[in-house]
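For the protein sequence lines, the chains are A and B, in the order given.
Mapped onto UniProt numbering, the consecutive letters of the first sequence carry residue numbers 1 to 536.
Mapped onto UniProt numbering, the consecutive letters of the second sequence carry residue numbers 1 to 536.
Simulated from the structure, these hints should not be mistaken for lab results.
Quick caveat: nothing in here was measured; it's all calculated off a predicted structure.
Please note: incorrect hints may appear among the correct ones.
Since the list can't tell identical chains apart, any single copy or any two copies may satisfy a pair.
Unchecked claim - Within a straight-line C-alpha distance of at most 25 Å, the following computed SDA-like cross-link-like pairs (lysine to any residue) qualify:
hint, residue 1, residue 2
1, K488, R61
2, K374, L431
3, K430, N164
4, K488, G332
5, K488, R119
6, K274, L471
7, K488, P60
8, K488, V33
9, K475, A178
10, K488, G421
There are 2 protein chains.
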Amino acid sequence: MTDASTRRPDDAFHVFDTTLRDGAQREGINLTVADKLTIARHLDDFGVGFIEGGWPGANPRDTEFFARARAELDFKHAQLVAFGATRRAGTRAADDPQLAALVDSGAPVVTLVAKSHDRHVELALRTTLAENLEMVRDSVAFLREQGRRVFIDCEHFFDGYRANPEYALAVVRTAHEAGADVVVLCDTNGGMLPGGVREIVAEVLAATGARLGIHAQDDTGCAVANTLAAVDAGATHVQCTANGYGERVGNANLFPVVGALEIKCGRGVLPPGKLAEMTRISHAIAEVVNLTPSTHQPYVGFSAFAHKAGLHASAIKVDPDLYQHIDPELVGNTMRMLVSDMAGRASIELKGRELGYDLSTDRDLAGRVVARVKEQELLGYTYEAADASFELLLHGEVHGRPAAYFTLESWRTISEQGPAGTAGNEATVKLWAKGERMIATGEGNGPVDALDRALRTALERIYPQLAKLELSDYKVRILEGQHGTGSKTRVLIESTDGSSTWSTVGVADNVIAASWLALQDAYAYGLLKAGVRPQD
Amino acid sequence: MTDASTRRPDDAFHVFDTTLRDGAQREGINLTVADKLTIARHLDDFGVGFIEGGWPGANPRDTEFFARARAELDFKHAQLVAFGATRRAGTRAADDPQLAALVDSGAPVVTLVAKSHDRHVELALRTTLAENLEMVRDSVAFLREQGRRVFIDCEHFFDGYRANPEYALAVVRTAHEAGADVVVLCDTNGGMLPGGVREIVAEVLAATGARLGIHAQDDTGCAVANTLAAVDAGATHVQCTANGYGERVGNANLFPVVGALEIKCGRGVLPPGKLAEMTRISHAIAEVVNLTPSTHQPYVGFSAFAHKAGLHASAIKVDPDLYQHIDPELVGNTMRMLVSDMAGRASIELKGRELGYDLSTDRDLAGRVVARVKEQELLGYTYEAADASFELLLHGEVHGRPAAYFTLESWRTISEQGPAGTAGNEATVKLWAKGERMIATGEGNGPVDALDRALRTALERIYPQLAKLELSDYKVRILEGQHGTGSKTRVLIESTDGSSTWSTVGVADNVIAASWLALQDAYAYGLLKAGVRPQD
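One chain only, chain A, in its complex shape:
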């Protein structure tokens, strides 16, 4: 099946992705056929060996996916896999329409799910233990005759093995003897811990000699470790999903599994050079499924290599490897220094370098920036999550004045709720820009939304670049919680111009005034980025 000229991964170890089948079970994920094709391309690009595309025949979308995959997908590394179940009890595999749909899908590889837990055979399949074995044998043999490579997913294997080891082993042996290439032990309810997985995989390997795979769910928070424990015990096939998407808590996350195998265990499981694509591909897939990429995901998260400098900034400058478990560039991620309330000159310099400002040569400038940051942090500002406001601060210190695009005269917001229960929000801004006085009023869902619309209306004629700018997220935090609504308020605004996003911060006595400041920075940064020269 594998052929060196197509640069397929070595068959000795399988990285098997089931994002499109099991991953799609995650609550909140709903993939179109086009989404599935896009994700398949990303996964192939990453270099996984197998991509399970769905269950042809089970629903029209999956059937269509396989039809279009045949026509449109030209994998460089992966092979497409169709998923299905063993034949129904009391029938023949050759007569089972579901197995026929698997063959018709055109996928060269088929994964068949089989029951290996005696109680599930009785309760869910409602058949005898003997007939279940016959279903496995007959179904595998039929697909082999049709020229398909077959992997068997033994559902609820670990619980089944604990409940009735002889029967669970009989299922493994039957599948193996009928011609299944890999018998995958599935921790379907995700309740295992690594010690138990290692022990059972080793026992099954010794008892059957079958090639084994592992499919782990994350219900104990140990799916990655369980997968690695199975590999340690001799499994040579790992089933994972991108970003750990999957039912309930999720599946074993492809990225930390591959990261550990490649970097920690020295096992080359991807084509050379592909590991460095990991962060990009993780985020790209998150975009397709329309979930915000988890900022705290191992290896690929935005925060995965973020350091609150403080005490150790100077040591990090000397040797970052002392503080990081790997070089982030190995997986396409980058180190970030957070500007926190423990900020010192060293971390500000590192942060400046990240933004393209060399502060190390101008000690006066670096000192002024540190002083400004500390001053602002005393007021309640935080720049950790507001890179754009920090860059504006830096820009202001470098150029001796803030990047301003207008001069405010006044703003006002009115929110009201009348007797009929209807609420209204209106804002008016008065300002000067390029020598003109502008007055504009906006209405919105809330006072800040109204303020944003008023400001946009006032400015967009003279700054047409603002047309692309949009607020994409808005966070409010009340500081000094002991003083109730009289406290300071911090607002973080995330903005986008369609291709990149940036965050700004404002702190004031109340939510409207703080929002105004964050809004002002959001506009200023957007215009600065678009190359518009600040006002004199």
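Given chain A, put chain B in place with the hints provided.
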């Protein structure tokens, strides 16, 4: 130190929480002293043995936390821990102001961080290996003389042990011999896998005989498994954070660690009955730190026991345990079968019981409450951190009508900033109470503060009980973050009458309208609690 009469957990195994110290390093978390006190109460309520509160002396906030903790916290289970570092090189522990601050904090237990990796001693501490050992010995001995129990965190232990095992072991032995009760092996950069952790913990235990602890970071996605591997190898002290908060990817997550120890390993590490509080406490802490609780968190996530019905629905009904790794009620979570449902009857009954309403005998009433909660949760309400609003909802269902003290005609807020930069906020409310029409205007630091003052002015003549009521905290969360400032807003308000506090929630299109709803509940609950009969 431990005393059976205070029901402290057994000292043989330590569940040590560092949410307030290491967890607070997470990007985006910024805790006030009041937040820290609230989280400490939740953790004590959960039954952890040790709560590390921060680094007294390192910043004014942590110093204030320990001062207020002494006065305000009365732990049922936990002991408070202060964190600090070994003394500076070339000085004496008795002269070190940082160690003096640890003693002054009044915490009965101190965790000292020590270097155990030879290169870190040279690069970060810039001292000799011998002097570092002396710093450990001297600092531990000094704190023991001051009557403190001492735990040592050996930073970067695993990398250090691999680089120079003799030196790493010398640090462990020195701390142990100087009187440290527990030597905690820290995987500071989080790069370990469980196999390596197990091996090294076993070797260190055999070589030194010291009592060992584990502190795991999650950079490989294995922090929970690494923690459990260390326990398997003989560690009897686990350091975790609520919801896995922490620097970079995060720390070992307290909840799956405790869940595995209690349920999977049969080790009772919490006081009896506390495991079932896990879900509630996880979510409450997320609310305090103002982060959305992760829906896919093991054990406690909203999706952790969510089943897409389909194929196995009937089998799940016959025996849900076949499809779940544990009974979700063990950890206070619930099984969910349908896409949209949120709260389960069991948790509502539990909650009702907590508030003094027995819902188990009136199935109709319980059904109506569940239905109302689901309806409200679809709108964005959450009652986990808003007991008072939930009790008002319950009260409304029990009595057939809401507890209302006035009828609103209208409210209006105006916020403005003039040319001189001065901001103003004014609110006007018009309402009917006890047959009278009231109109009142208030000014405040922000629009919600102004609204609070206007409402108070309108009502305090006829409800003098309101004089004692004060807003003590205010939190805003934007829901559906993808739609910018046009999204739904959830406001949580904490109020106090001087002797107790209560929380209320409001959800609306904008922050002012949501605040109004939470304010209305805050007043209603305060009056209900003061024994004032609602209006007819």
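Status of the hints after comparison with the structure:
Taking the shortest alpha-carbon separations for K488 and R61, only the inter-copy value of 16 Å comes in at or below 25 Å, while the best intra-copy value is 33 Å. In this assembly of identical chains, the alpha carbons of K374 and L431 never lie at most 25 Å apart, being 30 Å within a copy and 46 Å across copies at closest. Proximity of K430 and N164 under a CA criterion of 25 Å is satisfied in neither setting, with 75 Å inside one chain copy and 67 Å between copies. Taking identical chains as interchangeable, the C-alpha atoms of K488 and G332 are never at most 25 Å apart, the minima being 28 Å within one chain and 36 Å between chains.
In the homo-oligomer, the alpha carbons of K488 and R119 never lie at most 25 Å apart, since the shortest distance is 51 Å inside one protomer and 44 Å across protomers. Within a single copy, K274 and L471 get their C-alpha atoms no closer than 31 Å, and across copies no closer than 43 Å, so neither meets the 25 Å cut-off. In this assembly of identical chains, the alpha carbons of K488 and P60 lie at most 25 Å apart only when taken from different copies (18 Å versus 36 Å within one copy). Taking CA atoms no more than 25 Å apart as the test, K488 paired with V33 passes between copies only; the shortest distance there is 15 Å, against 28 Å inside one copy.
Taking CA atoms no more than 25 Å apart as the test, K475 paired with A178 passes in neither setting, with 46 Å inside one copy and 48 Å between copies. When the C-alpha separation of K488 and G421 is checked against a cutoff of 25 Å, the pair qualifies only between copies, where the shortest distance is 17 Å, while the shortest distance within a copy is 30 Å.
The structure does not agree with the numbered hints 2, 3, 4, 5, 6 and 9 stated previously, though it agrees with the rest.
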